[in-house]
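This is what each chain is made of:
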Amino acid sequence: MFSRVLIANRGEIALRILRACRRMGISAVVAYSEADRDSRAVQMADEAICVGPAEARRSYLSVASILSAAVVTGCDAVHPGYGFLSEDDTFAEMTRAHGLTFIGPPPEVLERFASKAGTRQLLGRQGLPTIPGSDGMLRDDDHALAEAERIGYPVLIKPSAGGGGRGMRLVRSTRELQQALTICRSEARAAFGDDSLYLEKWLDDNRHVEIQVIVDRYGNGVHVGERDCSVQRRHQKVVEEAPTPALDAAQRAALAEDAVRAVVAAGYENVGTLEFLVDAKGDAYFIEINCRIQVEHPVTEMLSGIDLVVEQIRIAAGEPLGYSQADVSLRGHAIEFRINAEDVEHDFRPQAGPVTAFTQPGGPGVRMDTHLYAGYEVPPYYDSLLGKLIVWGPDRATAIDRGRVALGELVVDGLKTNIPFHRALIEDATFLEGRFTTNLLDRVGSAAFLAAAAGAES
Amino acid sequence: MPHESPPAPLDGEAAQRELRRVADDVLPALIARFSGGGLGELEVRHGDWRVRLRRADGVASTVGPREARDGRAAEKERRAEGDGGHADRSMVTSPAVGYFQPGEGLDVGRSVRAGDMLGHVDVLGIRHDVVATSDGMLGRIVVEAGEAVEYGQELARVDGSPSRPEQA
Numbered sequence: 001m002f003s004r005v006l007i008a009n010r011g012e013i014a015l016r017i018l019r020a021c022r023r024m025g026i027s028a029v030v031a032y033s034e035a036d037r038d039s040r041a042v043q044m045a046d047e048a049i050c051v052g053p054a055e056a057r058r059s060y061l062s063v064a065s066i067l068s069a070a071v072v073t074g075c076d077a078v079h080p081g082y083g084f085l086s087e088d089d090t091f092a093e094m095t096r097a098h099g100l101t102f103i104g105p106p107p108e109v110l111e112r113f114a115s116k117a118g119t120r121q122l123l124g125r126q127g128l129p130t131i132p133g134s135d136g137m138l139r140d141d142d143h144a145l146a147e148a149e150r151i152g153y154p155v156l157i158k159p160s161a162g163g164g165g166r167g168m169r170l171v172r173s174t175r176e177l178q179q180a181l182t183i184c185r186s187e188a189r190a191a192f193g194d195d196s197l198y199l200e201k202w203l204d205d206n207r208h209v210e211i212q213v214i215v216d217r218y219g220n221g222v223h224v225g226e227r228d229c230s231v232q233r234r235h236q237k238v239v240e241e242a243p244t245p246a247l248d249a250a251q252r253a254a255l256a257e258d259a260v261r262a263v264v265a266a267g268y269e270n271v272g273t274l275e276f277l278v279d280a281k282g283d284a285y286f287i288e289i290n291c292r293i294q295v296e297h298p299v300t301e302m303l304s305g306i307d308l309v310v311e312q313i314r315i316a317a318g319e320p321l322g323y324s325q326a327d328v329s330l331r332g333h334a335i336e337f338r339i340n341a342e343d344v345e346h347d348f349r350p351q352a353g354p355v356t357a358f359t360q361p362g363g364p365g366v367r368m369d370t371h372l373y374a375g376y377e378v379p380p381y382y383d384s385l386l387g388k389l390i391v392w393g394p395d396r397a398t399a400i401d402r403g404r405v406a407l408g409e410l411v412v413d414g415l416k417t418n419i420p421f422h423r424a425l426i427e428d429a430t431f432l433e434g435r436f437t438t439n440l441l442d443r444v445g446s447a448a449f450l451a452a453a454a455g456a457e458s
Numbered sequence: 001m002p003h004e005s006p007p008a009p010l011d012g013e014a015a016q017r018e019l020r021r022v023a024d025d026v027l028p029a030l031i032a033r034f035s036g037g038g039l040g041e042l043e044v045r046h047g048d049w050r051v052r053l054r055r056a057d058g059v060a061s062t063v064g065p066r067e068a069r070d071g072r073a074a075e076k077e078r079r080a081e082g083d084g085g086h087a088d089r090s091m092v093t094s095p096a097v098g099y100f101q102p103g104e105g106l107d108v109g110r111s112v113r114a115g116d117m118l119g120h121v122d123v124l125g126i127r128h129d130v131v132a133t134s135d136g137m138l139g140r141i142v143v144e145a146g147e148a149v150e151y152g153q154e155l156a157r158v159d160g161s162p163s164r165p166e167q168a
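Residue numbers (our numbering), protein chains in the order written: chain H, 1 to 458; chain B, 1 to 168.
Isolated chain H, as found in the complex (with noise of 0.2 Å):
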């Protein structure tokens, strides 16, 4: 086992991290930004090292300030976390090269499935129904409207490299398509320094399902159920719950049965995320894979009782699962709420800013994994997440009553926060029918639900 960690990440998930390091009896040291400085990972940590300025180029998307940093304070593992190097390659290569191990998958399980296109045509071979898209990546502009013409409108746009919703476009027509394509290739250009781009068909009134899985180096493999990450604005997730509500136990337990078996077929490592796409039918189609810790972890650590990021560290470690499918037991209901500091009034535009008073909420089924405290300041310069609640319940109305009581409870004064949101849609009857698509919140626009919500109170 390591005996000291290197966090390479910020916010809650450092914490998250921390925790688990402390719980296996491994010193973390935590590594951050100027802008985190006064942060509470950096509070916490049995040390921090300070990488680099705020930009996070230069710090924590900076392969060589953080390996350094690992190598001087004496560290044998690096956890990425998720966003910045979590499904860097070449920085888990580096990583191996300085002797150290990427608490991960391995570089060459990560470069395997770098590719989304080339990972649906991987886990398709070993059985998955993938969303129809485009052959590969566009070639040019002529490409594109081929395929497109080839697949059916409406197409999704999406960058091979990227993640998080950044760069992805629906396109319902030619004209459209042309207009996207210049666009969609200058932000993944931006935002992960690669412009390829992809197709996919656009499934309308679909959901977001998608099965955890963990795998150890000796491909033995278990899947820990599914999340429903249907909740979304503009490609990015607002709620996340399991089981859920769109299918039912048959169809849940053979869909994670199907993923699981297909990607320990295809040597995948480490614990991991498959996406599916589910249409009104109840068919899955696999969309992509995720090769790290999601935001939304919780959501099955409250159903399970597993502990997904100790479990990242243990295999990354070598050690074998330990346990079998039949070991994994999945109790109640789970519902994830990602508080973000956005001005639900004002387009969800991201604020910044000292928090004046915080209170977390408590109580039988409640969890809140936060980096926040009273007189934190929220730097600009980050994604606008600020914490999770996460709730559990033996059923899902009783999660949906918990959820209710405690974002009641929950107070975060000083800036504007999305839960004004979150207290709208648990009032929200498809949301409370477990009706919910990913286009639903873009379709109505998120002003007028809000407004819809704030009308049927009153």
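It is worth saying that the hints were derived from the structure and are not from the lab.
What the simulated footprint calls covered on chain B by chain H, stretch by stretch (three residues with Cβ under 8 Å from a Cβ of chain H suffice, anywhere in the stretch; the number is not a length): (1) 95 to 105; (2) 118 to 126; (3) 146 to 152.
In this text the structure is predicted, and so the values were computed from the model without any measurement.
Ideal Cβ positions, reconstructed from N, Cα and C, are used throughout, including at glycine.
Guided by the hints, dock chain B onto chain H, whose structure is given.
Just chain B, lined up with the frame of chain H:
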């Protein structure tokens, strides 16, 4: 900061390009300049956009003192509660995370000029120059040769800077 006359309104693509340029080039440069100087607030207007930077140290220092965890943390506190890490030009700080190596003949009392190379920080075998930011006399070297340093850590101090007459 010189003001320029606003350019013609931008179309969508040009606006995207302009935004990218501001985010990738202009902003980091401004932030670097801002943290290097003693300014409290800086606003730059150009055409359609406006960038305003405001020093947050006032707020940070109102959070209140915390227990220092170790020497390095105490050093951080001291800097965070001062007038901003790099505002004090007599302080020579580390440009990167790595191992510090002072330059040959780098003795206390030697006179140095802004821009003089005082040594380097070894980042995985690659040298990052440590450069004096003001004229004066090398007052003290805070870090031993071969010691691990973090980004922004104080390495040495240049005293009696002619640009700071109150100390002359």
